[in-house]
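**Student:** Just need the whole structure built from these sequences, with the hints factored in.
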Amino acid sequence: MSTPFQIIHHGGGSGVTGSCHRLQIAPDRALLIDCGIFQGQDAEQLDSLAQHQVRFSVEDMLALVVTHVHIDHIGRLPYLVAAGYKGPILCSVPSTRLLPLVIEDALRIGFTHDRALIERFLAEVQERLVALDYATWHPLLDDDRHCIRIKLQRAGHILGSAYLEVDTLDKAAGRRQRTVFSGDLGAPFAPLLPAPKAPYRADVLVLEATYGDRKHEDRRQRRSRLKAAIDRALENGGTVVIPAFSVGRTQELLYELEGLIHDARDARWQDLEIIVDSPLAARFTEVYRELKPYWDAEAHRRLRSGRHPLSFENLYTVDSHDAHERTVSYLSDTGRPAVVIAASGMVSGGRVVNYLKRMLGDERHCVLFTGYQAPGTPGRDIQRFGPRGGWVMLEGQRIDIRARVETVNGYSAHADQLDLLNFVRRMRYPPHEVRLVHGDAHAQAALKATLLEWAEGAGHELEVTLGVEHPTLTIFEQQTSPALAGA
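The numbering of the sequence shown is my numbering, which starts it at 8 and goes up by one.
Since the hints were made in silico from the structure, they are not lab data.
Do not rely on the hints blindly, as some may be mistaken.
Lysine-lysine pairs mimicking BS3-like chemistry, simulated, CA-CA at most 25 angstroms apart [said to hold, decoys possible]: (1) Lys234 / Lys222; (2) Lys455 / Lys204; (3) Lys222 / Lys455.
Just so you know, these numbers come straight off a predicted model, no measurement behind them.
**Tutor:** What follows is the structure, given as structure tokens:
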């Protein structure tokens with residue numbers, strides 16, 4: 008099935024990270040949707056620095072649209088600017104507050120500790136940020152050749168997340184297309200955020216498939232499992248270590264833990280320390296508090312009742328590195344029950360590694376995963392081998408795993424198979440072409456089969472294709488490469 012405009016993937020097509028998608032409207036006009044870094048298995052075959060370099064053309068880019076501020080969706084922004092991109096960075100109002108924090112952290116870790124250099128780059132990014140209101144069409148271009156407008160809709164993934172609708176008219180050819188890029192869609196009933204609603208229509212849908220092969224536990228089940236893991240820590244005199252990304256997952260967990268403490272009848276819960284060991288997560292949480300208008304109705308009911316779901320008595324924040332080291336030693340030596348939330352979410356670095364190096368070998372403790380662990384990451388290895396008494400390499404050191412390892416999939420910030428199917432079938436006019444991205448091969452294949460089964464039963468003509476990445480080709484090479492013929 009041919010479409011008037013070409014979609015090219017510079018990352019996140021056949022993998023789960025590095026999301027970067029191009030809508031080529033004409034040879035000299037394109038939109039770029041996200042520009043993230045590669046992680047885990049997606050990055051294994053590439054040089055650690057070369058993999059992030061932008062080798063595709065930026066001269067034809069009308070704008071970069073950011074669906075949300077996770078690092079696998081915006082982490083290549085410094086490289087994009089270094090490649091010569093001078094256009095606007097379009098995103099939601101909350102994302103304009105969060106994006107500079109993520110980029111600052113990425114620069115400090117991956118580029119330089121030179122504060123003046125970081126400040127100059129952040130100032131340049133700040134000048135280019137354009138905040139777009141949700142659910143409103145924004146004109147991008149209207150001349151004698153094209154009329155292009157875009158709309159952001161709430162995606163329910165993290166605060167500020169959006170899926171993107173692009174309405175494009177080629178005036179000379181009289182061709183119009185509504186293209187929807189899902190970004191990362193959230194699961195219904197996620198803490199703090201309203202669930203995403205399907206768009207009215209789409210001709211072509213670029214759809215994430217992270218959990219296209221499974222279904223999540225419902226909220227009651229996941230809440231019960233989170234409580235049970237902490238109850239066991241209270242009994243064993245151990246710590247529950249939760250690897251979590253600083254933006255999104257940390258705030259959702261705080262919201263849920265506040266609810267568990269509020270409802271608990273066990274006196275031990277009243278004294279349970281909830282420790283956020285991440286200066287970045289603390290800054291994000293502060294911004295989350297300031298953006299209360301974007302919270303969902305349930306969260307506002309808690310606020311009206313006098314509760315503070317992101318700022319409560321049991322909550323402690325660890326800032327300095329010295330305080331971090333003292334906290335690691337204190338918890339590993341004393342056996343005082345506690346919950347520690349620390350980055351990174353896939354244990355690929357950050358302060359959580361220090362906790363795990365000290366605690367994985369002690370059966371009193373528990374590692375609780377609440378988010379996706381990409382293949383090739385230490386988090387996936389712990390999740391896979393920990394339950395059978397295996398081991399993991401952390402910073403070049405082999406660590407035997409004796410701590411309990413548990414996973415609560417219901418806290419995933421990604422939609423599951425049913426949610427993704429509903430996103431398609433609840434459109435008033437569903438797409439006739441779906442391009443699956445942001446998922447491993449099994450997840451994409453399972454979601455493809457599910458979508459085709461629905462389409463056949465509904466009598467709806469549908470073509471489902473799988474994203475193919477071409478992250479290193481120039482636009483000229485992409486347009487002339489036989490590998491892209493019919494893509």
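**Student:** Failing hints, ascending?
**Tutor:** Result: no hint breaks.
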